[in-house]
Amino acid sequence: MPAEKSDNLFCSLAGLVDERKTSTTVDSDPSKQAVKISVRNLNFFYGHHQALFDNTIDLFANQVTAIIGPSGCGKSTHIRTYNRIFELYRNQKAQGQILLDGEDVLSPEMNLIDLRKRVGMIFQKPSPFPMTIFENVAYGLRLHYRIGRNELADRVEMALKRSALWDEVQDKLDRPGTELSGGQQQRLCIARAIAVEPEVLLMDEPSSAIDPVATAKIEDLIEALKEKYTIVLVTHNMQQAARVSDYTAFFYNGSIVEFGRTEQIFKKPAMKQTEDYITGRFG
-9 MPAEKSDNLF
1 CSLAGLVDER
11 KTSTTVDSDP
21 SKQAVKISVR
31 NLNFFYGHHQ
41 ALFDNTIDLF
51 ANQVTAIIGP
61 SGCGKSTHIR
71 TYNRIFELYR
81 NQKAQGQILL
91 DGEDVLSPEM
101 NLIDLRKRVG
111 MIFQKPSPFP
121 MTIFENVAYG
131 LRLHYRIGRN
141 ELADRVEMAL
151 KRSALWDEVQ
161 DKLDRPGTEL
171 SGGQQQRLCI
181 ARAIAVEPEV
191 LLMDEPSSAI
201 DPVATAKIED
211 LIEALKEKYT
221 IVLVTHNMQQ
231 AARVSDYTAF
241 FYNGSIVEFG
251 RTEQIFKKPA
261 MKQTEDYITG
271 RFG
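All the letters of the sequence shown, read from the start, carry residue numbers -9 to 273 under this note's numbering.
These are calculated hints, taken from the structure and not from any lab test. Treat the hints with care, as some may be off.
Pairs of lysine-lysine, DSS-like flavour, derived with a Cα cap of 27 Å [to be verified]:
id : residue 1 : residue 2
1  : Lys22     : Lys216
2  : Lys216    : Lys107
3  : Lys162    : Lys207
4  : Lys218    : Lys151
5  : Lys258    : Lys22
6  : Lys107    : Lys83
7  : Lys22     : Lys218
8  : Lys83     : Lys115
9  : Lys151    : Lys107
10 : Lys22     : Lys257
11 : Lys207    : Lys151
12 : Lys151    : Lys162
13 : Lys162    : Lys115
14 : Lys115    : Lys216
15 : Lys107    : Lys218
16 : Lys257    : Lys216
17 : Lys207    : Lys115
18 : Lys107    : Lys207
19 : Lys218    : Lys207
20 : Lys151    : Lys115
21 : Lys257    : Lys207
22 : Lys218    : Lys115
23 : Lys216    : Lys258
24 : Lys216    : Lys151
Ranges of calculated distance between the beta carbons of each label pair, as one might list FRET restraints [unchecked claim]:
id : residue 1 : residue 2 : range
25 : Gln160    : Leu78     : 31 to 39 Å
26 : Tyr79     : Asn243    : 18 to 26 Å
27 : Asp157    : Asp94     : 38 to 46 Å
28 : Ser97     : Asp161    : 39 to 47 Å
29 : Ile103    : Thr46     : 26 to 34 Å
30 : Ser245    : Lys151    : 37 to 45 Å
A quick note: this is a predicted structure, and the numbers were derived from the prediction, not measured. For each residue, glycine too, the CB sits at the ideal point set by N, CA and C.
Kindly produce the complete structure, drawing on both the sequences and the hints.
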């Protein structure tokens, strides 16, 4: 990409940060913010292949942290350690320390059912269960709680409202979730995740498989959800990272190259490698 064109893109991305900061408050001193997840010297292996190298990062409560970087750099691998979902697959191993409110996520004593209730995940491709819209949201509630029919219905409705989907589906809750549009299906998956009252939402490229209008709805939803949840967003979309995140981490070859407030990362990154990536000079 020509230098002049990439510089213009850099200014454009910085402008997006300026525009969104009018409605977003981030403490200028990170030391004053509560740390929700603390990662120290995290390494990850697929068999004998090492994919993450000494990842160290603090994620702040009720903030959106974007994770950016080229394909294959370890973004998704990193966040999948937070709820140990990688353990569903063979020959995968994490080493290091991940603290969720001070509790060691990687400890053998960690209750995985409880952990995955506390740390929900939204995947790249919408993945509604092959059941009705209502049952998609009710599934986790039935798994984790003993509640009556009326409370179940109330909590399903609340989750659908929080995911900005209720008005579109309230008259067809008995229809299959797979009949919804791609964007609606993704919001249904968000409703399913937040119904069980998690503390953290991991979003692995949640809008990459949906259209721009649906993407805008997801971005608006992320802004609203952070009042209640800590959100970690993996994205290849630099404009999206600039619009919705409070903090940004740049990954490259399994390592965290730079982490800081999104405003700083997009307007004045400390590392030239970061600037080259977000301006499209490589990646």
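Violated hints, by number in ascending order, as checked against the structure: none
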